[in-house]
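Student: One letter stands for each residue in the lines below.
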Amino acid sequence: MSTVISQIFNGLQSGSVYALVALGYSMVYGIIMLLNFAHGDIIMVGAYVAWIMIAKAGLPPAVGVVAAVVGCTLLGITIEKVAYAPLRKSPRLSLLITAIGISFFLENLAQLVMGAGAKSMPEIVSGPGLSFAGANISFVAMVTIVVAVISMVLLTILVQRTKMGKAMRAVSEDMDSARLMGISVNRTISFTFALGSALAGIGAVLYSCAYPQASPTMGSMLGLKAFVAAVLGGIGSIPGAMIGGFAIGLLEAFVSAVGLSVWKEGAVFAILILVLLIKPTGIMGRVITEKV
Amino acid sequence: MIKQARDIPTPVKYLINLALFIIFLVVVNSMIASKTISGYYTKVIMLIGINIILAVSLNLATGYLGQLPLGHAGFMAVGAYSSAIFMKAASALPMFIALPLGLMIGGTVAGIFGFIIGIPALRLRGDYLAIITLGFGEIIRVILLNIDSVLGFNLTYGAASLKNIPKTTTFLGTFICVFIVCYVIHTMMKSRHGRAILSIRENEIAAESCGIKTTYYKTMAFVMSAFFAGVAGSLYAGYLGILNPSNFGFMKSIEILVMVVLGGMGSMIGSVISATVLTALPELLRAFADYRMVAYSLLLIAVMIFKPSGLMGTYDFSLSRLLGKGLSRLPARNASPARKGDDR
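Protein sequence lines, in the order shown, are assigned to chains A and B. Numbered according to the numbering used here, the first sequence terminates at residue 318, and the numbering increases by one at each position without gaps. Numbered according to the numbering used here, the second sequence terminates at residue 1652, and the numbering increases by one at each position without gaps.
Looking at chain B on its own, in the form it has when it is part of the complex (with noise of 0.2 Å):
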């Protein structure tokens, strides 16, 4: 009994996922066309969205690699401005070009910024890195406040925001985004490169010791969180329609590092789940929003304290898992157990 009944084709995994997820666009769009769901909770909707891409990046960096970037808002903040600048350029481009290449033009610029710094950053480690990714996002968010008197044009506005951009962001385009964003780093995880990843979050002195190549590996997962960073940035600038720089500063860097860290670094389930739990929240309590922040730090640091791993560990649902245990208990009685947690 070599092949259980329980293993499902792998192409079969991915099928049924896909039209989970198009069965829940599918749902909410109606539901947010027929005004069931209201315009308040549709713009709560595609925030937590936008978030989710936000914290699932990060958690590539800081779950999956093990380093601590502190700049993930300033490659947010260089995606949503690059997009903005284009889109508000290319309002003669029909929409269903206009938007992607705004999005792959925000993730772009931004994984191009996420290359310069990552090269220099990646060669130090653990605090310095920390510090060194703190000191570029401030970096940036200062070149995008002063760059206009500069060049002598307006670019960004600087302080006075950038306005008008067109509001792009819907619904589906967001969870699209989230959906591509989510399968691609979760195949990456599972491949080759995936596990050299890990393999240097456990040990980088082993892992370089068995031949990985250990700069090759930190500097690409670090550029495509920055992309994803620059898609969700994207995303936010559609999504706002006003970008002004103090809205990336350091705060909004630690604001996704506790999504990060409360769902559990190296946990994309974790990444979701806090990304919708902390931007739904406050939301729905709005009357106790000056306390929030005071809450969310105090989250933090008792996380810290008393499970360090964060709420969900390393834990990754899997549907097709799950659906594979169901599966192994209905034909037979004898068939062995599901063994534990093997096709992660």
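Just chain A, same shape as in the assembly (with noise of 0.2 Å):
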């Protein structure tokens, strides 16, 4: 029983990152049709930050969290203005391919400027663990847990209730109606990125809470799983991207709980593929009709 509930709590730890990163997938699909295959790369660059801020610098952890999450903002909106804005009439293939080369840039980059071997990361938040029902939960799995779902409700907030978000759900349902209602497009878009990169900043801190590494090519599993966790809860939709999350945590807890952790990767996999055959709009997601 213990070892279920703490294989729980480690599943929605992990879920919670996914959640965090798979909203920056589907709100940037959600408005621009881009799978935006750099989104996990910035959570790369972010650990990095933290880790330069951290270790290297050696400011408070509570400074290297604040400059992650706005340097991965910064790098979210350089790379919308620099690689994706000009494409904005191109063929969707070519987008995509554009996602592909900016995320292997920022790998690579890193790789040249930061080394290859990981660099472990201090820690950065510490307490007491909790005993709950005879298992024993990390201090860093709660706060990791908690950080997210309120980052969730407040973005949740964010789109419902603000003018901002009004725009962005105006924009991702017809972009042309949007501009002759009088909505700023480019900048309605920049914000979305700006907003994705800024949560994938918050999951690039929590991550490194939680495997306490920086790595050039960590973003991309962990990116590649946050997209099928995307996927799983219906791309575009941003209460979906939560579900999702948290369903692909406790999916690979589980699995790695009956002894099949080598397998781990392949069971998100195969679900991914179940998920796209059986119902390819996810569980929250529209259906688009094909128009001629």
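Since the hints were derived computationally from the structure, they do not count as laboratory data. Nothing here was measured: the structure is a model prediction, and the numbers come from that model. We treat Cβ as the ideally placed atom computed from N, Cα and C, and that holds for glycine.
Taking lysine-lysine pairs in the DSS-like style, the calculated list, with each CA pair at most 27 Å apart, reads:
#1 A/K115 / B/K1615
#2 A/K290 / B/K1560
#3 B/K1560 / B/K1471
#4 A/K82 / A/K145
#5 B/K1321 / B/K1633
#6 A/K107 / A/K192
#7 A/K305 / A/K290
#8 A/K290 / A/K145
#9 B/K1560 / A/K145
#10 A/K305 / B/K1521
#11 B/K1396 / B/K1471
#12 B/K1560 / B/K1475
#13 A/K107 / B/K1615
#14 B/K1615 / B/K1498
#15 B/K1498 / B/K1521
Restraint-style ranges between C-beta atoms, simulated for each label pair:
#16 A/T188 / B/A1610: 33 to 39 Å
#17 A/G208 / B/V1492: 55 to 61 Å
#18 A/M247 / B/T1495: 38 to 44 Å
#19 B/L1630 / A/A111: 38 to 44 Å
#20 A/V89 / B/V1585: 45 to 51 Å
#21 A/T104 / B/F1461: 51 to 57 Å
#22 B/N1472 / A/V172: 51 to 57 Å
#23 B/A1514 / A/M247: 36 to 42 Å
#24 B/F1596 / A/S210: 39 to 45 Å
#25 A/S210 / B/A1514: 32 to 38 Å
Residues of chain B clear of chain A, computed beta-carbon distances all greater than 12 Å:
#26 I1316
#27 P1317
#28 L1323
#29 K1471
#30 N1472
#31 S1507
#32 K1521
#33 T1527
#34 T1584
#35 L1619
Bring the two chains, given one by one in their own frames, into a single complex with the hints.
Tutor: Here's what the structure looks like:
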């Protein structure tokens, strides 16, 4: 029983990171129909920023966290302006290949600048663990879950209640009509990237709490799994991304718990394929009818 | 003047190309035999050949069919492993039987995987197809890594690498394969099947409404693409002599995709040139090897922003067309100038 509970919390911990990252994928896809392959690598950059601030410069962890989130946000906006904005009218294949190129670029640049080896991350948060029904739950796990839930609540309020959120929903509904209604489409898209990247920054910090190291390729597998989470929940849907993230986290935890941890990644991609075959729109996704 | 002077009969065109190709083979092979080309450069040339097959086969799915599979390295891995396992087991067979058989086995197994993956994957479009093939590619890698513990005996040796594969890949073997692959894809693209595949790229709905069996042709192109990737994988296994699942990750798929995109999606000569340049350059510029990947990715982004169709676009080089143009200028001044691009 205690193992089940501790596995559930393990799953929720990694699941909340996946959910935060999946939100970024989902929002960007919802608004410009682009699979932002570079999203996972933004997390990697965030982790390195935190590492530089905390381990290299010796600043307090709080500064490192803020720097990581701000760094990710700026990087997200820059990528959008430099690489994606010039291609707004191009075929989607070009946009997708550009995204792959950016991802490739960030990974190799990190490898060039920081070296291929992993950097070990100092402790960011520490505190007493909690004993619950015989299972030990680490402080980091609790912080991760709480921070992720708070971020998601704030995001939901932002999207549902504010003017900018309304603009985001309008642009994702129909870009041209939104433009006719006087919404600044470019600004809204930049804002969406900023928001998604900020969430990725939070995800980066939480991920480095759980697995305290930063390496150039850490983002690619994390990004792919978060992407699976976004597809599972229904890509373009915000609640879907959250559900998908937690589902993938729990699945991984249970696959590991039954002793099949080497097949963990295989199981995640098998879920992806099953979802795409059975219900390509995911759990919460909208059905988009095809127009000629 | 219906038949112009510049028209060379088709068999002659093919014979000219074949003759030039054989001359190329003989010249380079004798240079290798006489050590004019060192062993190191021979290896580079063989790698170029393997990469040409990979790029041309991915071009079939990306350039001609207009889909974006991101799991090409997976098919290559399947081909490499199956042919390597066969070659190790069949060391008693004489080489001239074992080698073609090994290539065929590598290609066929990859083709079967392409079929199994293509049937569900091709029901989806665009982004979703990219993701699902990516997923399959990763699953293939995970399976190759862990299958031994399920089977209970050593088949792929997982992370410990499959070693002692007979090094059967030679310059001649590689480039004969390059020639056959290019020839098959070229002739198929000029046929009715090729036109059907192109029409699916241009507009799938319109193609379907004209009575083209889109699922059939998509699967066919996809399976062919996987088959040739498997052949390239087999050559790669015989070239390296050692295989590790980590050689066939997502990055390898992207590397092949970069070759296709830079050369121009839908241009065979583009794929051949960019595969050659992108393989040879890093080898010749060893000192800058660290910057290679950064340069690759920047190049990819820049090409997409400034010339999305790639360096060659959809242009395909044709020697016979060039000869035809030359011939039509020779005999008479009053002959009408060669029409442009009509024998494509």
